[in-house]
Amino acid sequence: MKKMRKMVSLVLTAAMTAGLMTGMGALTASADSERTKITALLKGTESTEQFQTFDYLLKNFCDEKGLDYEIELVNDMQDYFTKLQMYINSDTLPDIFGCPNGTLSAACKDIDALVDVGAELERNGYADKLNGAIRDFLTDADDGNLYLFPQGLYCEYFMYRKDIFEDAGITDAPTTWEEFEEDCQKIADLGEIPVIVGGSDAWQLMRYLSFSPWRVTGPEFIQGYQAGTDSFSENESAKYAVNLLSDLGTKGYFEPGFASVDFTSACNLFFGGTGAIFYTGSGQISLAEEMYDNGELGFFPVPDTEGMDNMATNVPIHAGFAEGFNKATYDDTMQEFFDYMCENFSDACYNQAHVFSPFNEDSLPEGLPQLYYDTQPMFEDAETAWTSWDDKLDSDVMTKIVDEQQKLAQGITTPDEFIETCDSFIK
1 MKKMRKMVSL VLTAAMTAGL MTGMGALTAS ADSERTKITA LLKGTESTEQ FQTFDYLLKN
61 FCDEKGLDYE IELVNDMQDY FTKLQMYINS DTLPDIFGCP NGTLSAACKD IDALVDVGAE
121 LERNGYADKL NGAIRDFLTD ADDGNLYLFP QGLYCEYFMY RKDIFEDAGI TDAPTTWEEF
181 EEDCQKIADL GEIPVIVGGS DAWQLMRYLS FSPWRVTGPE FIQGYQAGTD SFSENESAKY
241 AVNLLSDLGT KGYFEPGFAS VDFTSACNLF FGGTGAIFYT GSGQISLAEE MYDNGELGFF
301 PVPDTEGMDN MATNVPIHAG FAEGFNKATY DDTMQEFFDY MCENFSDACY NQAHVFSPFN
361 EDSLPEGLPQ LYYDTQPMFE DAETAWTSWD DKLDSDVMTK IVDEQQKLAQ GITTPDEFIE
421 TCDSFIK
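The opening residue of the sequence shown carries number 1 in this note's numbering; numbering runs sequentially from there.
Be careful, since some hints might not be right.
[To be verified] Cβ-Cβ distance ranges computed for the label pairs, FRET-style:
#, residue 1, residue 2, range
1, 110, 295, 51 to 59 Å
2, 306, 129, 32 to 40 Å
3, 308, 367, 35 to 43 Å
Everything labelled a hint here was simulated from the structure, so no lab data went into it.
Predicted, not measured: the structure shown is a model, and the values here were computed from it.
All C-beta atoms in this analysis are idealised placements derived from N, C-alpha and C, irrespective of residue type, glycine included.
Model the full assembly from the supplied sequences, consistent with the hints where possible.
Below you can see the structure in the form of structure tokens.
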């Protein structure tokens, strides 16, 4: 049995940069050389889903083929992006690499470094099995092709404490944001915290800022904003979202000190019994399982923006971090691994990473937590994916909006000031 080695990168240094430029080529096998190893670069740690899935698949495949494999892990998001960009710049990408669908995948395309995953799925018969919303999420905006393979199927929704809703006289989960705010006030009147949010993690507050534009325009608003053809001031759904985030923060509906609470701490708060509502999803099923089975928790999708035309899909669905396959090293062995991966991916998702598979199955495996079976009907036929602002905005604009959304939610700036400031970023 071959031995796997894992490199864990925590801090990027000049020495690493120099070594990268000269040494990475030795780690990846070209299509013309005799392959002895498969290499991968993944974001996270040994406990994260992407590693759990690919460590399992690579170990089994490489044991069978008599190959070695090496997984390099980088946990910090910005460090990971920096390292991936360095590999792109030096054209020394590993065989498999985590890559979001956005500016980094575009940079890989620019050097012709991505295998056409869509064509490979057509070849091996798995294209029609891919969930429609997952395909939508990963479809390249420029040419409509599929260059990235999904990490899994992740769906997001709100969970709520049934006892607090009952005590507040709330009989039905909110279906509009107006109802959502009304319910928050009823909960606050009880002396309970209406909503738990991990405000120090950029994406948590940004979800509330992007829910309304997504339900009303799909990807159109954020694409138009980034291109300079749309703005918060001119888009009613975006303007609505700005006022929503301001209300939730300034009316005291978020927990005290929310701006310094990260997502992990927010999970611990809610699933530890604090707060009435929490935006979460399939990635936290293990945390919710016991309370849900005991009848303590319910769930509901993203509410409608009242008075506007909302699309049918109301559950954000995304593919996780996704993976690219290096076109330069995609030889017969890598194609064989790709087919092996597709055949065994659902098993790895459910039994190793504990996430939904991106492939539609006739039925879910037996023995999963009940939340899998109960939430799947919300999204199994969805065709429109979640549009994540995180990887659609360029890094400079993203950083600036994150700063402004913090001030908006804390009442440091008004909605009008937020709109004027954020619109200035793209003019």
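Tested hints:
no., hint, result
1, 110 with 295: 51 to 59 Å, "holds (53 Å)"
2, 306 with 129: 32 to 40 Å, "holds (37 Å)"
3, 308 with 367: 35 to 43 Å, "holds (42 Å)"
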